[in-house]
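Student: One-letter residues, chain by chain:
There are 2 protein chains.
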Amino acid sequence: MRLFLQVVPVSEAVRVVRSIAPPVPKESVPLEDALHRILAADVRADVDIPGFDRSTVDGYAVAAADTVGAGEAIPAMLHYRGRVAMGGRDPGSVAPGSCMYVPTGGVLPKGADAVAMIEYCEQLGDDVLVHRPVAPGENVVFADEDFAAGEVVLESGRALSPRDIGVAAAAGAGEVSVMRIPRVGIISTGNELVPIVAAPRPGEVRDVNSYLCGTYLMERGCHPVYYGIVRDDRENLAATLSAALDQCDLVLISGGSSKDERDNTAAVITSLGEVLVHGVAIAPGKPTILGQAAGKPVIGLPGHPASTYVVLVAIVDHLLAAMMQTEVSRRTVSAVLAENVPSAKGREDYVRVMVKEGRATPVFGKSGLLNTLTRSTGLVRVPAGSEGLEVGEAVEVIVW
Amino acid sequence: MRLFLQVVPVSEAVRVVRSIAPPVPKESVPLEDALHRILAADVRADVDIPGFDRSTVDGYAVAAADTVGAGEAIPAMLHYRGRVAMGGRDPGSVAPGSCMYVPTGGVLPKGADAVAMIEYCEQLGDDVLVHRPVAPGENVVFADEDFAAGEVVLESGRALSPRDIGVAAAAGAGEVSVMRIPRVGIISTGNELVPIVAAPRPGEVRDVNSYLCGTYLMERGCHPVYYGIVRDDRENLAATLSAALDQCDLVLISGGSSKDERDNTAAVITSLGEVLVHGVAIAPGKPTILGQAAGKPVIGLPGHPASTYVVLVAIVDHLLAAMMQTEVSRRTVSAVLAENVPSAKGREDYVRVMVKEGRATPVFGKSGLLNTLTRSTGLVRVPAGSEGLEVGEAVEVIVW
Chain U
1 MRLFLQVVPV SEAVRVVRSI APPVPKESVP LEDALHRILA ADVRADVDIP GFDRSTVDGY
61 AVAAADTVGA GEAIPAMLHY RGRVAMGGRD PGSVAPGSCM YVPTGGVLPK GADAVAMIEY
121 CEQLGDDVLV HRPVAPGENV VFADEDFAAG EVVLESGRAL SPRDIGVAAA AGAGEVSVMR
181 IPRVGIISTG NELVPIVAAP RPGEVRDVNS YLCGTYLMER GCHPVYYGIV RDDRENLAAT
241 LSAALDQCDL VLISGGSSKD ERDNTAAVIT SLGEVLVHGV AIAPGKPTIL GQAAGKPVIG
301 LPGHPASTYV VLVAIVDHLL AAMMQTEVSR RTVSAVLAEN VPSAKGREDY VRVMVKEGRA
361 TPVFGKSGLL NTLTRSTGLV RVPAGSEGLE VGEAVEVIVW
Chain E
1 MRLFLQVVPV SEAVRVVRSI APPVPKESVP LEDALHRILA ADVRADVDIP GFDRSTVDGY
61 AVAAADTVGA GEAIPAMLHY RGRVAMGGRD PGSVAPGSCM YVPTGGVLPK GADAVAMIEY
121 CEQLGDDVLV HRPVAPGENV VFADEDFAAG EVVLESGRAL SPRDIGVAAA AGAGEVSVMR
181 IPRVGIISTG NELVPIVAAP RPGEVRDVNS YLCGTYLMER GCHPVYYGIV RDDRENLAAT
241 LSAALDQCDL VLISGGSSKD ERDNTAAVIT SLGEVLVHGV AIAPGKPTIL GQAAGKPVIG
301 LPGHPASTYV VLVAIVDHLL AAMMQTEVSR RTVSAVLAEN VPSAKGREDY VRVMVKEGRA
361 TPVFGKSGLL NTLTRSTGLV RVPAGSEGLE VGEAVEVIVW
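Chains as they are written, first to last, in full-length UniProt numbering: chain U, 1 to 400; chain E, 1 to 400.
Since the hints were derived computationally from the structure, they do not count as laboratory data. The C-beta atom is built at its ideal place from N, Cα and C for all residues, glycine as well. Honestly, I wouldn't trust all of these hints.
[Stated by the list, open to error] To give an idea of the interface, some chain U residues facing chain E are shown, with a C-beta separation under 7 Å as derived from the structure: (1) Val-107; (2) Gly-111; (3) Met-117; (4) Val-141; (5) Ile-196; (6) Val-341.
[Stated by the list, open to error] Derived DSS-like pairs (lysine-lysine); straight-line CA-CA distance at most 27 Å: (7) U:Lys-110 x E:Lys-366; (8) U:Lys-366 x E:Lys-356; (9) U:Lys-366 x U:Lys-345; (10) E:Lys-366 x E:Lys-286; (11) U:Lys-356 x E:Lys-356; (12) U:Lys-286 x U:Lys-296; (13) U:Lys-345 x U:Lys-286; (14) E:Lys-296 x E:Lys-356; (15) U:Lys-366 x U:Lys-356.
[As the list claims (entries may be wrong)] What the simulated footprint calls covered on chain E by chain U, stretch by stretch (three residues with Cβ under 8 Å from a Cβ of chain U suffice, anywhere in the stretch; the number is not a length): (16) 81-90; (17) 143-151; (18) 165-172; (19) 234-247; (20) 319-329; (21) 370-380.
One chain only, chain U, in its complex shape (with noise of 0.2 Å):
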């Protein structure tokens, strides 16, 4: 007897998701606002950086040549022709055998091509003695050495550090274009759910999921809009779908752990537009619905918090990055497996492990349990042509 008589694998499924998933549109946002955000067009420099001939260091901007052969009881002996001004626009000039003072972030004056550390210089009067040589360009970074006007400086598509904001700073970016926040409609649907306020009696069970979901997809850059929990009911869900539909760019219907409730789902998405795929053959997270309506994908997730949690990762991460028209961003740790995971052939398993001292120790106790969410450090994903991995095998953990 089979519930799910078209399972597909996870690879058909992350292509369905991406190739219903509608990029959102462009946005222009300041730039200090930009943290985290997904470029959506590539940032150039609009100037040469750092623009001058700039000194790294505090000393004596010198002609290197002048400098050849300086040591300790030799020092290279020149003429001290002042400081240059921070932030001055006229650096002066160096002429052989002479040098200037020259702070870190200063312009080199004209004639130097070097710059000698105070700490290995000694100022006598008007002479200032080098006590080892310097190469030509040494402390020095060069007008366009770090980015030539015109340059791509980040690329369309990266999701901005703080680093990333930092290099746009000096391109001169006020404005970045970026995708704008996805928005996404979350219902948890089930006689059984209660707020989590409630106390929950026997049989009941609190909406873990609408949190679970929200805040992952306040972590993956998405703005989640919460629609509460819908008895199992195929009108209210209709009702509640199509004002998801309307205010939001996809829908995630969390719930339904039950295989009436997960009919109901199913049933739901077809009479607003269609069920795509009903079973994937992922564990845990069988139980997953990909559809459309409204041009809009609509998701059904499994009931189990750690289930949903997996499909996140494993399906719905793929459909986020393509409504931004990013790439899915993993954090991966190597690890080697400390035990056994048997596997089903055609089945994709994600295992959850606990990562320590290089070592992938799989999570104890069942899988429907949610301490092994917080116990984790990740997945392990067991290829839907293994029978399983051995103890001692390398494996690449997704970390949560």
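With chain U held as given, fit chain E onto it using these hints.
Tutor: Frame of chain U, contents of chain E only:
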């Protein structure tokens, strides 16, 4: 000639910032707003979770003993006594030799101690044929098996992940106690600085550090307060620092890349409080100043963004963690050095590296280049006691 007479080791700098870190107060926030916040009190389960013996599959609730020896050819035949309703309070009961249908998440009826998956059962009128034996407890989570009432499910000091939020939801925590978000003032100083939207003239550079520091702080769970660019003028700097100390928990004075500016920063901190450290044995990042005023830490960061970022990671991370009473959380990846990394003994070097296929290659080009921040994977720390690291050596890369 030495500029930094009392340069201290990085370990001492970390000890100092930890000792002056003012703990931020606690506050209570709705669970859905608590992502990535630092938990300020343990979260305990208020009830047993799941609270009842619960089926983890769709199937037939049975007494496991009734299925001993069942197989494809000789199934166990059990009397069908109806269905368990989702969310219903009374699941009914199973006498020896009988069974009930139970959906995933449903309550196990009295008398049952296991669930036979529907895939291995066949319903024939009032009878159900079970083709595989089940062990006691199979496909069942018992009432307090996930968490027992009163058990700590999340410990104080933890940065809340989506999975943690899910567990807190299951534990009935509609609100959680978290550390208040630290407010961090950011001042940029230097006569050479111009706003990022200005076209810099020779000698001028854009104020990259405000953006780099601000978004770094956001990523670390802080709220940046920007005080803009202050000219190289002690009176102005003191007035701005005073205002920032009034409004913030911590102030970063970013910039001061020239000796004069650094002197100003130190002088202004001294005028309002005290300088504790002036110069750290770290490269890049030597001209770091650690001080306090009005009972709050004031950190002087080097002028160059690449140096600033290293100091943020190596020192300021510890200050923020101490303020939020948590641990510094680092992502690291193990790699093997692809080249020798020379270093001066007595100085802790942080070398930017690009990691590819397990090999860490020091980033080419001068360390004063901004592009090294976006072209690298992270930092390799060369301990102060070492004269460098050798090609082939195993290193832990602190991932950006």
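Student: Please go over all the hints and tell whether each is borne out by the structure.
Tutor: Verification of the supplied hints:
Look at U:Val-107: its Cβ gets to within about 5 Å of chain E, closer than 7 Å, so that hint holds up. The closest approach between the C-beta of U:Gly-111 and any C-beta of chain E is roughly 15 Å, which is over the 7 Å cut-off, so the hint fails. With its C-beta approaching chain E no nearer than about 10 Å, U:Met-117 sits outside the 7 Å limit, and its interface hint is violated. Below 7 Å, beta-carbon pairs count as interface contacts, and U:Val-141 has one with chain E at about 5 Å; its hint therefore holds.
Against a cut-off of 7 Å between C-beta atoms, the interface hint on U:Ile-196 holds, since the closest Cβ of chain E lies about 5 Å away. Given the 7 Å rule on beta carbons, the hint for U:Val-341 is violated: about 19 Å separates it from the nearest Cβ of chain E. Between U:Lys-110 and E:Lys-366 the CA atoms are separated by roughly 22 Å; this keeps the pair inside 27 Å, and the hint holds. Distance check on the hinted pair: U:Lys-366 and E:Lys-356 sit about 36 Å apart at the alpha-carbon level, beyond 27 Å; violated.
Of the pairs offered as hints, the one joining U:Lys-366 and U:Lys-345 holds, with about 21 Å between alpha carbons and a cut-off of 27 Å not exceeded. For the proposed pair E:Lys-366 and E:Lys-286, the alpha carbon gap of about 17 Å is at most 27 Å, so the pair holds. Between U:Lys-356 and E:Lys-356 the alpha-carbon distance is near 22 Å, which keeps this suggested pair within the 27 Å criterion. For the hint linking U:Lys-286 to U:Lys-296, the alpha-carbon distance of about 22 Å falls within 27 Å, and the restraint holds.
Restraint check for U:Lys-345 and U:Lys-286: satisfied, since their Cα atoms lie roughly 14 Å apart, inside the 27 Å limit. A C-alpha spacing of about 41 Å is found between E:Lys-296 and E:Lys-356, which places the hinted pair above 27 Å, so the restraint is violated. Between the alpha carbons of U:Lys-366 and U:Lys-356 the distance comes to roughly 21 Å, so the proposed pair stays at or under 27 Å and holds. Here's how the region 81-90 of chain E fares: 5 of its residues keep a CB closer than 8 Å to some CB of chain U, so the rule of at least three is met and the hint holds.
Here the region 143-151 of chain E counts 3 residues with a CB under 8 Å from a CB of chain U, which clears the bar of 3, and the coverage holds. Interface restraint, the region 165-172 of chain E with chain U: holds (7 residues with C-beta to C-beta distance below 8 Å; minimum three). Coverage of the region 234-247 of chain E by chain U is violated in this model, with 0 residues showing a Cβ closer than 8 Å to a Cβ of that chain against a need of three. For the region 319-329 of chain E, the proposed coverage by chain U is not satisfied: 0 residues have a C-beta within less than 8 Å of a C-beta in that chain, short of the threshold of three.
Figure legend: the region 370-380 of chain E, annotated as covered by chain U; annotation consistent (4 residues with Cβ-Cβ distances under 8 Å, at least 3 required).
In this structure, the earlier hints numbered 2, 3, 6, 8, 14, 19, 20 are contradicted, and the remaining ones agree with it.
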